[in-house]
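A.B. asks: Chains as they are written, first to last, in this note's numbering: chain C, 1 to 367; chain D, 1 to 309.
Take the hints with a grain of salt, since some may be wrong.
Below are the BS3-like pairs computed for lysine-lysine, each with C-alpha atoms no more than 27 Å apart in a straight line [as the list claims (entries may be wrong)]:
1) C:LYS68 with C:LYS172
2) C:LYS135 with D:LYS296
3) D:LYS133 with C:LYS78
4) C:LYS78 with C:LYS135
5) C:LYS339 with C:LYS282
Some but not every residue of chain C turned toward chain D, in silico, with C-beta under 10 Å [said to hold, decoys possible]:
6) GLU76
7) MET84
8) TYR92
9) GLN94
10) MET95
11) GLU98
12) ARG279
Keep in mind that the hints were calculated from the coordinates and are not lab data. From the three backbone atoms N, C-alpha and C, an ideal C-beta is built for every residue, glycine too.
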Amino acid sequence: MAAIADPSVSIQNLSLNFGSVSVLQTLNLDVAEGEFIVLLGPSGCGKSTLLNCIAGLLDISEGRIFIKGKNVTWEEPKDRGIGMVFQSYALYPQMTVEKNLSFGLRVAGVPKDEIAKRIARAAEILQIEPLLQRKPSALSGGQRQRVAIGRALVRDVDVFLFDEPLSNLDAKLRSELRVEIKLLHRKLENTMIYVTHDQIEAMTLADRIAVMRGGVIQQLDAPQTIYNRPVNRFVAGFLGSPAMNFINGHLEAGEAPVFKADGVSVPLGRYQFDNESGRAAKPCVFGIRPEHIEFGEAARAMPFTAESTVEIVDPMGSDTLVWTKLGGQIISFRVEADKTLRNGDAIRIGFDPARASLFDAETDNRL
Amino acid sequence: MADVSVAAEAAAIRSAASGPSGPKPRHALSRRNIFLYGTLLVVALYYLLPLYVMVVTSLKGMPEIRLGNIFSPPLEITFEPWVKAWSQACTGLNCDGLSRGFWNSVRITVPSVLLSIAIASVNGYALANWRFKGADTFFVILIVGAFIPYQVMIYPIVIILREIGIYGTLTGLVIVHSIFGMPILTLLFRNYFTSMPEELFRAARVDGAGFWGIYLRIMLPMSLPIFVVAIILQVTGIWNDFLFGVVYTRPDTYPMTVQLNNIVNSVQGVKEYNVNMAATILTGLVPLIVYFVSGKLFVRGIAAGAVKG
Numbered sequence: 001m002a003a004i005a006d007p008s009v010s011i012q013n014l015s016l017n018f019g020s021v022s023v024l025q026t027l028n029l030d031v032a033e034g035e036f037i038v039l040l041g042p043s044g045c046g047k048s049t050l051l052n053c054i055a056g057l058l059d060i061s062e063g064r065i066f067i068k069g070k071n072v073t074w075e076e077p078k079d080r081g082i083g084m085v086f087q088s089y090a091l092y093p094q095m096t097v098e099k100n101l102s103f104g105l106r107v108a109g110v111p112k113d114e115i116a117k118r119i120a121r122a123a124e125i126l127q128i129e130p131l132l133q134r135k136p137s138a139l140s141g142g143q144r145q146r147v148a149i150g151r152a153l154v155r156d157v158d159v160f161l162f163d164e165p166l167s168n169l170d171a172k173l174r175s176e177l178r179v180e181i182k183l184l185h186r187k188l189e190n191t192m193i194y195v196t197h198d199q200i201e202a203m204t205l206a207d208r209i210a211v212m213r214g215g216v217i218q219q220l221d222a223p224q225t226i227y228n229r230p231v232n233r234f235v236a237g238f239l240g241s242p243a244m245n246f247i248n249g250h251l252e253a254g255e256a257p258v259f260k261a262d263g264v265s266v267p268l269g270r271y272q273f274d275n276e277s278g279r280a281a282k283p284c285v286f287g288i289r290p291e292h293i294e295f296g297e298a299a300r301a302m303p304f305t306a307e308s309t310v311e312i313v314d315p316m317g318s319d320t321l322v323w324t325k326l327g328g329q330i331i332s333f334r335v336e337a338d339k340t341l342r343n344g345d346a347i348r349i350g351f352d353p354a355r356a357s358l359f360d361a362e363t364d365n366r367l
Numbered sequence: 001m002a003d004v005s006v007a008a009e010a011a012a013i014r015s016a017a018s019g020p021s022g023p024k025p026r027h028a029l030s031r032r033n034i035f036l037y038g039t040l041l042v043v044a045l046y047y048l049l050p051l052y053v054m055v056v057t058s059l060k061g062m063p064e065i066r067l068g069n070i071f072s073p074p075l076e077i078t079f080e081p082w083v084k085a086w087s088q089a090c091t092g093l094n095c096d097g098l099s100r101g102f103w104n105s106v107r108i109t110v111p112s113v114l115l116s117i118a119i120a121s122v123n124g125y126a127l128a129n130w131r132f133k134g135a136d137t138f139f140v141i142l143i144v145g146a147f148i149p150y151q152v153m154i155y156p157i158v159i160i161l162r163e164i165g166i167y168g169t170l171t172g173l174v175i176v177h178s179i180f181g182m183p184i185l186t187l188l189f190r191n192y193f194t195s196m197p198e199e200l201f202r203a204a205r206v207d208g209a210g211f212w213g214i215y216l217r218i219m220l221p222m223s224l225p226i227f228v229v230a231i232i233l234q235v236t237g238i239w240n241d242f243l244f245g246v247v248y249t250r251p252d253t254y255p256m257t258v259q260l261n262n263i264v265n266s267v268q269g270v271k272e273y274n275v276n277m278a279a280t281i282l283t284g285l286v287p288l289i290v291y292f293v294s295g296k297l298f299v300r301g302i303a304a305g306a307v308k309g
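Chain C on its own, in the form it takes in the complex (with noise of 0.2 Å):
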């Protein structure tokens, strides 16, 4: 990862333990002012934790954390320059809008017309003045976010940090908000962290993509990088619905290596490996994206071609997915809507090992 020269946010070292229990392992994190950063992971990963130790919620156990260049690994929350948003929007319920918004800069003893102002402002931005004397009992879900929202926006911080803002929302809400997240991203350039467990929203918010494990980050990248070359099987499994497909299988080492799994041998001229010492003869699982295999016609243009039958169908409207065998394993392509294909039906599929991964079995790490 290439060192970045002035970050916004900058975690050194950083280790939590609760007991013996360790969440965060010595983990290092550099945000680049004005960027877009998203921690991804399964529940339990320590993604909001971290988020929690960023904000000042949480007391560390090891490390240290500046923002904008500033230690704050003793700072109280406040003194962080940060605005948070809750999952669960954590509004007052007993003030309207316009006090929620107003809580912090009350505290805070600004002048009265400062914060008249910066409610406006906020109020306008995020489209809320009709609601700014409303309850937040009176307000719908993606109101309340927004209201959330708001409520980071007027105490004019230089980070944004998000614990799963949309996670409480319905589908379609969660969609019309996530591209507002962007919009607003977009207008305001503030530096901002969110954590999700959702991959679309990290996909598509992220400037970069931390993914999560264990306490541990796997992978940090641009999100078609961790979506094209997950560094290891979990990254792989954990991005991609329907999710990536693994066939056990062993590589044989040679001038073009092939990978081999009962019945199929899939060259590997054209995949690039990570490192040459990735060539040597070793038990392997070898992973491709079902959008990346082709099927019909399409498929004898590939490098890779096999001969299978369609083992289920399961249309999902805008495309179908389709099981069928290789290699002995199951796995699942996904063919257009408007192609019919019967449970027995004989077909041909086809994939570019160019665009698949390859994983040691033992390690996990990508060859």
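Position chain D relative to chain C; hints supplied.
C.D. replies: Coordinates of chain D only, in the frame set by chain C:
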């Protein structure tokens, strides 16, 4: 009965024609209902009968009471016993009735309730939201305090109060009540504040509010139900207290309960049952009113505090 059976017959015909449809028919006189309402009725009578006897007796004159028909309503209603109980009954040297005890009890209950709730709510808030070092140990010690019988501590407290120089004063009793209310009230408030979403507390911290800021501006306005519960518990508990009242005060500062006891249990003269009944009802009136006024909030608050612990 006839209507019910006709309706049932109609339902049976309908169901035979097309199978069951619509709401399942319910019978007002089913075995379940008879048991349920029958039990409720018996229990209600069981509890209300003594109250009835008390009210009726307190409205009778002594000659009528001597006839012995304790369940019969008064032939001639008189409020003389009530007046006597309130302002003329003698205890020791004082003959100004329960009124003196009433005002003593007010002077004990009001400051005790306010003081204990103020301290306990802050305790509970600190324990629930600011997990300071040793918080769990502190909490355990506090809870253990709730299980130690009061009687064990009476004498040590007498000595402590004497040494401080407030033995026998209302101030001393107020302090004792506040301390003894602490374990259960702190538990109550802690559980209530724990059940509140933690993100709210975090949001307030990010907004820059401190310990008191969050307590006064965020938590307090959201905790009306639990404050009502605490007030009811404390008002009834302290008002009905007899033991501390008799130990830690002097005759001229006796609370109402102690004075009531002295009136009812006096061995000299004629037993004035009507005055005793009136005095007892008067003493019990305050907790009764508190329950009736705030019963709904009480139930809601108990449930709210009990969900998560």
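A.B. asks: Hints first: check each against the structure and report whether it holds.
C.D. replies: Going down the list of hints, with the structure as the test:
1. C:LYS68 with C:LYS172: Not satisfied, since the Cα-Cα distance of roughly 36 Å exceeds 27 Å.
2. C:LYS135 with D:LYS296: holds (24 Å)
3. D:LYS133 with C:LYS78: holds (22 Å)
4. C:LYS78 with C:LYS135: holds (25 Å)
5. C:LYS339 with C:LYS282: violated (38 Å)
6. GLU76: holds (8 Å)
7. MET84: holds (5 Å)
8. TYR92: holds (6 Å)
9. GLN94: The hint holds - C:GLN94 has a Cβ within 10 Å of chain D, the shortest such distance being about 4 Å.
10. MET95: holds (8 Å)
11. GLU98: violated (14 Å)
12. ARG279: violated (51 Å)
Going down the numbered hints, you'll see the structure goes against 1, 5, 11 and 12, while the others check out.
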